[in-house]
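Q: Sequence:
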Amino acid sequence: MPGLIFFFGGSGGDGSNSGSYSGDASGAVTVWEVVSLLGKLLGTVVALKVVLYLLRVCLAMAWKSGGASHSELIHNLRKNGIIKTDKVFEVMLATDRSHYAKCNPYMDSPQSIESLVFNSFS
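Mind the numbering: the sequence shown is residues 529 to 650 in the numbering used here, read in order.
Some hints could be false.
[Stated by the list, open to error] In the SDA-like style, the derived pairs of lysine to any residue whose C-alpha atoms are separated by at most 20 Å in a straight line are:
hint, residue 1, residue 2
1, Lys630, Gly595
2, Lys592, Asp624
3, Lys592, Phe617
4, Lys615, Ser640
5, Lys607, Lys630
Hints are computed from structural coordinates only; laboratory data are not their basis. All values reported here derive from a predicted model rather than from experimental measurement.
Model the full structure from these sequences, guided by the hints.
A: Shown next, in the form of structure tokens:
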């Protein structure tokens, strides 16, 4: 059984055969080619949506909540929607970051902490 073939009419540049099939299969498009093209188009659309989503997330989570003090940092994190619950707000407010991050502790960015060695045998 032969595959389904679509023909797209139009002129070949010389004005002939506009809208009619001349028996030449060079303008034929198979169902498989249409499905393949639609699959590629769908994949491209999905990839673009993922990229846009990631850009939105990265921009929303950009480090813009820093402060001059611990209290200001925590309040800015809450104001910008990073801290969402009262319990987390209270715990974060009670735990000063300067005890763990010695360099720019109130900058809203990842910080390295001092190496802590725990001895479970003491």
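Q: Which of the listed hints are not met by the structure?
A: Those not satisfied are hints 4, 5.
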